[in-house]
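Asker: If you want the building blocks of each chain, they are given just below.
Protein chains: 2
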Amino acid sequence: MVNTVLNILDKVNTPDDLKKLNTNELNELAAEMREIIIKKVNTTGGHFGPNLGMVEATIAMHYVFNSPVDKFVFDVSHQCYPHKILTGRKEGFTNPETYHKYTGYTAPEESDHDLFKVGHTSTSISLATGLAKGRDLIGGNENVIAIIGDGSLTGGEALEGLNNAATLGSNIIIVVNDNDMSIAENQGGICNMLTELRQNNGEVKNNFFKALGFDYYYVGEGNNIEKLIETFSKVKDTDHPVIVHIHTIKGKGFKPAEDDREPFHWILPNTLDRLNDAPAPQGESYESITKEYLLNKVAEGSPIVAINAATPGVFGWNKEFRTKMGSHYVDTGIAEQQAVAMASGVAKRGGKAIMGVMSSFIQRTYDQLSQDLALNNNPATLLIFWGGISNADATHLCTFDIPLISNIPNMVYLAPTCKEEFVRMLDWSVNQNEHPVAIRVPFSITYSGVEDKTDYSDLNKYQIVEKGEKVAIIALGSFFGLGKEVRSKLAEAGINATLINPKFITGIDKNVLEGLKSNHSVVITLEDGELDGGFGEKITRYYGNSDMKVLNYGSFKEFTDRTPIEELYERYHLKSDLITQDIENVL
Amino acid sequence: MVNTVLNILDKVNTPDDLKKLNTNELNELAAEMREIIIKKVNTTGGHFGPNLGMVEATIAMHYVFNSPVDKFVFDVSHQCYPHKILTGRKEGFTNPETYHKYTGYTAPEESDHDLFKVGHTSTSISLATGLAKGRDLIGGNENVIAIIGDGSLTGGEALEGLNNAATLGSNIIIVVNDNDMSIAENQGGICNMLTELRQNNGEVKNNFFKALGFDYYYVGEGNNIEKLIETFSKVKDTDHPVIVHIHTIKGKGFKPAEDDREPFHWILPNTLDRLNDAPAPQGESYESITKEYLLNKVAEGSPIVAINAATPGVFGWNKEFRTKMGSHYVDTGIAEQQAVAMASGVAKRGGKAIMGVMSSFIQRTYDQLSQDLALNNNPATLLIFWGGISNADATHLCTFDIPLISNIPNMVYLAPTCKEEFVRMLDWSVNQNEHPVAIRVPFSITYSGVEDKTDYSDLNKYQIVEKGEKVAIIALGSFFGLGKEVRSKLAEAGINATLINPKFITGIDKNVLEGLKSNHSVVITLEDGELDGGFGEKITRYYGNSDMKVLNYGSFKEFTDRTPIEELYERYHLKSDLITQDIENVL
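Sequence order for the protein chains is A and B.
Position in the first sequence (from 1) plus 1290 gives the number in the numbering used here.
Position in the second sequence (from 1) plus 1290 gives the number in the numbering used here.
Chain A with its partners taken away, still in its complex shape (with noise of 0.2 Å):
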């Protein structure tokens, strides 16, 4: 790409300068903006479709607004790149050598402008009324807005929020940024209420947010900055909770994005120097293997489903995988707590429910886990994809899964450490109906080359690989490789520890800790999450009252920010060497 001349974005240094320009200007900023996030986000990867969908209504909104008087609370913060650009931080989006200065998301840190650290869905209207009511009884007089897309308005807090702020009973503007897509298509009733609203330009006969009190106000034209200019004029200052339904073009502005949204809601780099490239082939996965079972099931006549929240992506559940699924998928859009739910009524159905989920996002349905699912027993599978340690950003950390789950009595938490327990775990979860089953799939395919034939129905047995003396290695799930390397490390010292595997996370197995006893003087844990609330002090607490020495190994207690991973497993010790000289010092 040439280089952009950025005539107008040149004088637009806070959204005071924005005031002063005229229409033509405004439009030819908002293709400047245009311009310089595309050429950034195929450079570092990141959010590109919603960003270029919500150039015009930014400008419009702080053309209009007073921000950081007025209030801007970006839900999930997908679309917050332009509001980025006009709030004092474009170098982040014109300088190649500072793309990597501002996070993703909206980050107080970084400016006055930006209210939270967000990056989980549905938040922006609940978290809007708080700052409309503690305005209220400060006595302010500022605007909050909270704009929210339709995607994340299937969210169980942005629907709890909506019924709140409709009787707030003042100043509280709820911006819907309605470009017709989640991630992946949309969902459900909302979906196509929505649908119906711009279908009929705002004008239906039952207007959903009218029913539950708001004032409406539909932009059709929601990447009109005039039309979004006029509207949020009218709205500004208003007394009462109103809606601002806006239809605006996800990817607006690169055709290919435009035609074709779910692969351009986020991207990697390079991503559009590529477009023509044919599709690299994939490598066998962990995402491939499980769609491979799940369609052989399928073909099988299995009552089958496999549930997922809106993020397909994660797990390679494309376009491809869902149409052959058929009525085997289901998405529940941005809605975890369904999802679970739902699950939780297949299996009691007698039903085979596999529910896909990033580690993050199970963080979203702690009490669906623990009442509907784990309570009543039912023989759900859920799948948590990435949980480990990770360079990511504070909003998305996968490293709180353990603790979360681990911890609910009934549930039964497997940690494959290879392809081959992997799938064993899997066809056993689908096939028994005794437990609610959840499955922490390592984000690298390894192979053991032998094949598992555990019997998993028999709880919390771990596998002893090695037997050695003196220091045993329980090593979990995706940190198996590293409790190899320790034991190696410790083999050059002259030590022949003991290497356990055990695939079990939710038990204890009293007998092989018990039978170390007798040999070893010290046992180390090794996690690829929280040590807090996780696996290893488990094992710890067995050994409280006896001579053995514990250590454990994870991730600490903290919302780590894009940390670079090496430096995170220097931190924790994560690293053989720093092991091994720790099992020394205690020896």
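Warning: the hint list may mix true and false statements.
[To be verified] With a cut-off of at most 20 Å between alpha-carbon atoms, the simulated DMTMM-like pairs for lysine to aspartate or glutamate come out as follows:
| id | chain 1 | residue 1 | chain 2 | residue 2 |
| --- | --- | --- | --- | --- |
| 1 | B | K1807 | B | E1874 |
| 2 | A | K1760 | B | D1549 |
| 3 | A | K1500 | B | D1837 |
| 4 | A | K1500 | B | E1874 |
| 5 | A | K1517 | A | D1527 |
| 6 | B | K1800 | A | E1848 |
| 7 | B | K1760 | A | D1837 |
| 8 | B | K1500 | A | D1505 |
| 9 | A | K1800 | B | E1848 |
| 10 | A | K1614 | A | E1582 |
| 11 | A | K1495 | B | E1804 |
The set of hints was computed from the structure by calculation and includes no laboratory data.
Small disclaimer: the values here were computed from a predicted structure and weren't measured.
We have chain A already, so just place chain B on it with the hints.
Answerer: Frame of chain A; chain B shown alone:
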């Protein structure tokens, strides 16, 4: 009360028997059922108003549908007594000797007519979508009927369920039991929407349910069996999603409960015999102290707001208190996610948010604690009531809040042991601006007699209450008294133990723990909740590489169900003599 003559009910043992009755007999049956419910609940305590309101609808449902082939899913199951009476469990209501035989909630282990063990709200629609999906995959053709109260309809899971049910494309019938009340008054746009429907006999300009795509039926006389049968017969075997909105009278048939519905939602034994008694004088309690504190703050002009999710009675936030608080009180409806996010928003805007919540219900909002509150480090205060081991129903256990809250980064979770500490912690929390804080409010009040002057900003500082040697007792919150007892017992055995009040659940006082190493060989931890993922395991992990023996005491990872507390204390060794024995065994 006189003995009840059950002319009709004597002949009704299964739903089939019901189908043989004529209208007069059905009405007589309703009267008899109502009478035994009143008598039974007045003897044992239990849910009163909701069950009285649902007598006719339950009769009509069982008359029209064919349970257990057709599947009823009762939300929260506050209204399942009539259903239990009609499905083989009437002895639980007619015979005082078997009054306690059945749980107050639906329970599949009791009857095939109960699909799920349910005690938390807003789950029925989601669970029913799962039953319906399972049916469709397997090829069944039964009716799936979710019964949900107007109060429960404000919960995020219920709304996610509605969104999904609307586009299920097959049979699902949602009976909205609208008695115009949650436990307390209903809140929000959904409440107003239902009111408008009731006031207009189901005919309004903007119908919320129709907007979502449901077929909609309204039954204004929701306690009229004939009318109900007529409508249920119309929707039976529908091939698409249907809402049947019925207007019932909470407390129907017992005048005081019809007139003043909140106190009769759930009643204590013998309540009806003492209706004219003057209210018993209330002693000081953590609830009364909290209320006084909040009212004082309002009087001082503080931007304080007390927030709760539809259970004000748990904290004694009665009508008088709510009226005095005025705009400083918010009931979000059954919407804990909204309550936490709103509290975070209020705090961000400089307001002082105090959210009250029962331990069992904090489970309904993990991700909001983590993302909306803790990640943003907003200084809201959560008061967690009733946390601890109890003889509660499996659906209402309060033993999981420590693992849930304390493993979230940034959260400060405090455990006062007495009034003095509670008052200090509450005031500190309200006045600081650094941390999201939760306080685990003990059930029973105790006094130290010494003003607490601790600066809790100095995080994770434990208090050494008694300095001894050999054995250290770390006794958390409501188990501090047990810690003192253990210390006394040990003294009898000649051991002068150290007693520690940790105060902070969320952190380790390394100085104190390290200091114990010099002249202690055993540390015990006592916590009134689940051991797995709890407080004590973190202490044990700290000592993992040392010679210190550590014994952790708390509840096991299990769903207990109305188990007597003495039995649980025995099982968990939560008795000073058992603990002392354990200690002597490792010394």
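Asker: Now look at each hint and say whether the structure bears it out.
Answerer: Hints and how they fare:
no., hint, result
1, K1807/B with E1874/B, "18 Å, holds"
2, K1760/A with D1549/B, "73 Å, violated"
3, K1500/A with D1837/B, "67 Å, violated"
4, K1500/A with E1874/B, "69 Å, violated"
5, K1517/A with D1527/A, "18 Å, holds"
6, K1800/B with E1848/A, "18 Å, holds"
7, K1760/B with D1837/A, "16 Å, holds"
8, K1500/B with D1505/A, "19 Å, holds"
9, K1800/A with E1848/B, "18 Å, holds"
10, K1614/A with E1582/A, "11 Å, holds"
11, K1495/A with E1804/B, "70 Å, violated"
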